[in-house]
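J.: Take the sequences, apply the hints, and build the full model.
There are 2 protein chains.
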Amino acid sequence: MTQTTSGMFDRIQRPTLLLNSAIAQENIHRIAIKAREQGVRFRPHFKTHQSAVIGEWFRSEGVTAITVSSVEMAQYFAQAGWYDITLAFPVNWRQIESLGVLSRQIRLGLLVESPETVQFLGERLDSPVDLWFKVDTGNHRTGLPWDQPAAFCQLAAQVFNYSNLHLRGLLTHAGNTYNARGAVQVCQLYLQSLDRIIAVQRALEGAGFRGIQISVGDTPSTSLCPTFGPVDEIRPGNFIFYDAQMLNVGACTSNQIAVTLACPVVASHPERSEVVVYGGAIHLSKDFVREGDQMHYGLVALPQGDGWSAPLPGAWVRSLSQEHGMIHIPPEDFSRIRVGDILSILPAHSCLTVQVMGEYLTLQGEVIPTLNRQPMA
Amino acid sequence: MTQTTSGMFDRIQRPTLLLNSAIAQENIHRIAIKAREQGVRFRPHFKTHQSAVIGEWFRSEGVTAITVSSVEMAQYFAQAGWYDITLAFPVNWRQIESLGVLSRQIRLGLLVESPETVQFLGERLDSPVDLWFKVDTGNHRTGLPWDQPAAFCQLAAQVFNYSNLHLRGLLTHAGNTYNARGAVQVCQLYLQSLDRIIAVQRALEGAGFRGIQISVGDTPSTSLCPTFGPVDEIRPGNFIFYDAQMLNVGACTSNQIAVTLACPVVASHPERSEVVVYGGAIHLSKDFVREGDQMHYGLVALPQGDGWSAPLPGAWVRSLSQEHGMIHIPPEDFSRIRVGDILSILPAHSCLTVQVMGEYLTLQGEVIPTLNRQPMA
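Sequence lines, in order, name chains A and B. Sequential numbering from 1 applies to the first sequence in this note's numbering. Sequential numbering from 1001 applies to the second sequence in this note's numbering.
It should be emphasised that the hints constitute simulated quantities derived from the structure, not laboratory data. You may find that some hints are simply not true.
Claimed, not checked - Stretches of chain B that chain A covers, calculated by requiring three or more beta carbons in the stretch to come under 8 Å of a beta carbon on chain A:
# : segment
1 : 1011 to 1020
2 : 1089 to 1096
3 : 1198 to 1212
4 : 1247 to 1260
5 : 1271 to 1278
6 : 1345 to 1357
To be verified - Chain B is faced by these chain A residues, among others (derived, beta-carbon under 10 Å):
# : residue
7 : Q38
8 : T48
9 : Q105
A virtual CB, placed ideally from N, CA and C, is assigned to each residue, including glycine.
T.: Have a look at this one:
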């Protein structure tokens, strides 16, 4: 091992998710300020970090309302003292008992998009919940299409049949911004999405439904759009760590990326300017970045002091199998890297990398667990 | 919930990895017989199932030697009573202490491909280990290229300097068969790979090194090639469960696939003939199947009795986000599926799905844990 590194890197034996807490806290602070200045509720999505410890960093920025994507995550953060929680996933009927328990413990927000689910909840919950109508503004993942105002009005009227259901507003995820490049494209998509959800809001108001809030929030538009417009809350998640996908979109700079996967180099192939690291699909996830016809699974930095360098230009994760990462290194950097060294991989998609790794090691040497390293409830 | 299902499906609340033990045991039996008939050692790769319970199914077929892909997996299966274990991953120098402990407990096989690693092991291990030279026969993941016989002879001579290192043979993984289609293409690649590794064996024998064994074994060629040729052992892993990738290669039939992910339907989009299930990248992994210009993340079956149906023709997982699976269902089947129902997803890549799910539910209702549901060592 010829690499000159600090004590922390010397102790790393296997793929380890490193967290630069200062960068993450600065990322939180920046968006918290932006939301506060615009008078918008900041309801961050906690599916990215999945950690009660990291949740406290948000609390110290004044955050009191959060977003999660599963019943288990809602239970975990309720346990950690969070009271106002939106479960931003279409209601899973099969977890109705757990939803009932949660509705008695916290202020629970649920997403609905069909009369069947409204009826199901109305008949089966005995404590009140907030409902958000999921609006598909063009992303085509799920939600009621924005151009069907009559369907929204019908759904709203149905909600009023049930005293335990409270219509809080409209919610969308403009996930198509993930495929955009740069602020202009991202903000165009954001504004298009906003126009569409406002059209639904107006239709509902025209039909006599008042106080319909608007909830939006993907990381690209939250990061890049100077103003959020007439919305009530934003729900970004990924911005706390960012990643190679967000760098590719232009939503962050490389020095705003707060997590890397430290991977031992296990083989070297000078003839094709590649090294193999211990760090594969089970550590990074197999999500990827598409750049034109090419795809890659992450960018590559070197340990530097107690952290990591800027990404090496022209270096990327070419391929991943279960435990192997095949890394292209440009010839000018190749000679610096030896078997036994550590490379710091900037993941394609930090949310999924966090999910598979289950815990963080901060640059100060502290281990931070996530939900997935807790005993199951 | 209008679906008519057995008691087991009725109890499923969230994404659950179902295992048809009878199919898995039949898959094991078929390859065990094939290996025995050809006088070849069957050293299955346990990275696919990662379970001590399932390991016993191999033991009852007479298997005594296994393959793993990490130090932790070696520790776990050593604990479960396995003695002859090859760690089929380039030696990670940073885990030398754990390797030392293992080498005193079991017959440990390690993969080397460089003089630096041979020297490293020779100087640091005090108990003997078997070495396999990793040969790159054209897959270009890692290994010493097959067309450099002098490098192999040099490495072999170096090994003989160390009394704790025992050269057992040559090992390759012809992973390029994963991109082939059908028996003819797969077996052509297998024979090419075999020719190449035999060329290295002859070069070593020509230089006076005797008893050099050959270890091969990817699932497509193990499944499809009628004879293995002059090899000493095979190391397939995936064949125990197979998956949509292997179906696409032609390495299995759909009724040989032994695992599916049971996923609750949470939203329905008749206008685009899609449903959304609770079951995303964190449950299936984000590995994919490439068919021509298209890619998908799995195939779709329906619960049937105590198991699942054949895959629905023309149905596939179009897209995955963290928890959402977007499923295309052809119009003729669409009307059969309601919110609250269960779909059985045949994963793109069962090894990675097992890894992220961490446990199985058999069709008899038994929970089988893997390494990843055990307390960490």
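J.: Would you mind marking each hint as holding or not holding in the structure?
T.: Hint-by-hint comparison with the structure:
Coverage of the segment 1011 to 1020 of chain B by chain A holds [criterion: at least 3 residues with CB-CB distance below 8 Å; count 3]. Here's how the segment 1089 to 1096 of chain B fares: 7 of its residues keep a CB closer than 8 Å to some CB of chain A, so the rule of at least three is met and the hint holds. With 0 residues carrying a beta carbon less than 8 Å from a beta carbon of chain A, the segment 1198 to 1212 of chain B misses the three-residue requirement, and the given coverage is violated. Given as covered by chain A, the segment 1247 to 1260 of chain B fails the check, having 0 residues with a CB less than 8 Å from a CB of that chain where 3 are the minimum.
Given as covered by chain A, the segment 1271 to 1278 of chain B passes the check, having 4 residues with a CB less than 8 Å from a CB of that chain where 3 are the minimum. Evaluation of the coverage hint for the segment 1345 to 1357 of chain B: fulfilled, as 4 residues show C-beta separations to chain A shorter than 8 Å, against a requirement of three. Because the beta carbon of Q38(A) sits about 27 Å from the nearest beta carbon in chain B, more than 10 Å, this interface hint is broken. For T48(A), the suggested interface contact is upheld, since its CB lies about 9 Å from the closest CB of chain B, less than 10 Å.
The interface hint given for Q105(A) is violated, since its Cβ lies 18 Å from the closest Cβ of chain B, which is over the 10 Å cut-off.
Hint check: violations occur at hints 3, 4, 7 and 9; the rest are consistent with the structure.
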